[in-house]
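Work out the full structure, taking the sequences as your base and the hints as a guide.
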Amino acid sequence: MIRFVNVFKTYDNGVQALKGVSLTINDGEFVAIIGLSGAGKSTLLRSINKMHAITSGQLLVDDVDVAQLKGKQLRLLRRSIGMIFQSFNLVKRMSVYKNVLAGRVAYHSTVTSLGFFPREDRYIALEALDTMGILEKAFTRVDQLSGGQQQRVALARSLAQKPKIILADEPVASLDPITTVQVMNDFSKINRDFGITIVANMHHVDLALKYAKRIIGIRDGLIVYDGPSKDINDKILESIYGRSLAHDEVLGVE
Amino acid sequence: MNERVALAYKQQPRKWIANIALAIIILFFVAISFTGSTINWYRLANFSQSFNTMIRGIVDINWAFFFGIDGFQFSEGIVYKTLETLAMAFLGTMIGAVLALPFGFLAAVNVVGKKWAKVSEALLVLIRVFPEIILAIILIKGFGMTPLTGVLTIGIHSIGMLGKLFAEAIDNMDRSSLEALDSVGASTWQKILYGIIPNIMPDLTSVSLYRFDINVRSASILGIIGAGGIGAPLLIAANNWSWNMLGTVLLAIILMVLAVDFISSYLRNKLV
Amino acid sequence: MAHPFNLSSGKSVRIPFNRTIVVFVIIALLTIGFSFFIPVKWHLIRIDQLWVIFSRLFTPSHSRTWGDYFSFMLTLGDPLLATLQMSLAGTVIGCVLAVPVAVLAARNIFKSKIISIPVKLLMNLVRTIPTMILAILATFFVGLGILSGIIAIAIFSFGIMAKMLYEAIETVDMGPFEALESTGANKIVAFQHAVVSQIAPIFISYTIYIFEINIRASAVLGYVGAGGIGAVIKNNILYNYDRVGATIIVMLVVILIVQFTSNYIRRKLQ
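Chains as they are written, first to last, in this note's numbering: chain A, 1 to 254; chain B, 1 to 272; chain C, 1 to 270.
Simulated from the structure, these hints should not be mistaken for lab results.
All C-beta atoms, glycine included, are put in the ideal place defined by N, C-alpha and C.
A portion of the hints provided could be inaccurate.
[Stated by the list, open to error] Chain A regions said to be covered by chain C (calculated; three or more residues, Cβ under 8 Å): (1) 64-77; (2) 81-90.
[Unchecked claim] Derived DSS-like pairs (lysine-lysine); straight-line CA-CA distance at most 30 Å: (3) B/Lys270 x C/Lys163; (4) A/Lys162 x B/Lys10; (5) A/Lys70 x A/Lys164; (6) C/Lys187 x A/Lys92.
As structure tokens, this is what we get:
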């Protein structure tokens, strides 16, 4: 369970990204965060695994205060949280298999992880690839795959961590419409079959509405909507975006 | 777990074996290279002491020798020799760059076609393969032990090096301006002058500046065999184990190279 | 600045000075100035000597036969091996030592400038001294023989590799590094799995490139006492031009082979 209690985040350059955010996300939910660029979506997401440190308030993940964590404890937390990036963040010249294996490094000490991976890890990596349906590409170089396939490799890497939560920062923003739907279906499948909590920043509103059961709307560092996606209407959207939607914020999926 | 996964596990490539084997072979060769050298153990054992003597000698710069005053003729002084070295490098690079230009065109596939380009490329490779010292040894017989030989050595070697780079620049050039010139009815010479040359000038100049940078280092060495430049006093100092003469020469070389490096990087950055 | 052009629309335009002309003038002045340092002593120039030298290099002299000429090439096996050992050992040692230094100097790994600036300064200093001079200095400590050559080449390779490597590290894609940190890996492990795998092929490619440069340098290092083929040339330059010629031919062939092989391997790595 993820709990924000009156969280503030101000960056070193003075920018206030979060101005008193409070919310609770329960295990197994599929939540989409929408809002303008710069509204605070990324900051919100990245505070959960302390990629950005909050300046005040409380952030609890499974009743553990994230702000207090550092060193080994922090890494243990991050190990149980997977992160998906818009630019995939894979090592392009390495094979798919090695990229997914890298998801297991936090399960070993520094010294052992510099050597070889144990058998069990290798099986976990291959299973993850199989779950994502790209096992046959296991030993291909990443830069020979399409964007959609690369994001699936990234998902496999996160799955290899055996996470409880997966955070996705605009995971489909660089993909074409058809691949986007496939990857979003993958997220749904993971959420359904493994019970992993999904928190995703979405650029395309209609996608968010279609796949996530709950929507959080952020504007200017504050939460202006937190409720079921079926209750969203144009008026609510205007309050989140401050205007009617731009045409690139709607993907046009049915 | 399922069969697909088990199969994939069996099929994983194990490249690390080849990598380790290669590394071991290389390390083996490196290790045996150290046998059979004549090591001056006495000097090595007293390393810190000899190092000290060397350093102390080196930093005790003979300023009269440096500037060519006070009993040294100016033309014997290090400052003069440094300028002579720079002159060798500069003129050599100039000659090389100017002569490499037609070679570059002749070796560019886009200009003369694959066959002739390969022929010219082979010629350039032949010129390039001579280490400069060897070239200088040969040229000294024809031109004497003067800096002129140094200029010619550097020039010829640079033709080989620059010719290839020029050809690459011409081949990788953006053709769109040529197309535009065609459409306004320009002749071949005009196309070269207004289409090709302006496009490749920044590349050519940048490459030539880099070559000048390297040539300055070569020019300092050529004096060792008599082709002029600061190499001559360097060799004399080294043969006499005269540390402070050596230090004076080294100071000049370091300053010269640093200055040229700095100027060359600065100019090359401005070109991009 | 040229005279302004007064257009019919009333606007006035000044065409800026043509910088190319300034550049040309500067280059011309430099050329003229520098040429004062290169006096042409006409009485020393004997072009015909060039032809004489050429023939003496490439034909047997001193009542030796062509058989002798070619069999001399076969005796070059040992010095050749020495030269190869010198470049290989020097390149490997120099390049390997450059790795930790480059990592220290790269701005994206250790953010503090206290480390990176003096390291970069040291690297620059090492690179200014030509290899041959390093070899001369080394012979003082370790005597004649290939060890001084190895040291000189190692230092030179270190200088070049360190700079090229830290520049490569600084421009590496940090995305995977960030991703790995987000899975809970610490900096060392994240570096190993995300950065090293990107840098490794570049490092190998650079090493081969530097080896190619060093082969040419080491062939002549023998001239200052570092052994190998250069020493053979030095020993024969006074009286046995034909042997010098034979050695040169062998040297050229070896350099060509190394060049082709290295280009081939580096292209395969891409």
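Hint check:
1. 64-77: holds (count 4)
2. 81-90: Satisfied; 8 residues make the cut.
3. B/Lys270 x C/Lys163: Measuring from Cα to Cα gives roughly 21 Å; hence the hint holds.
4. A/Lys162 x B/Lys10: Roughly 23 Å between the alpha carbons, so the hint for A/Lys162 and B/Lys10 holds.
5. A/Lys70 x A/Lys164: Holds, because 20 Å separates the two Cα atoms, which is no more than 30 Å.
6. C/Lys187 x A/Lys92: holds (20 Å)
The structure meets every hint from the earlier list without exception.
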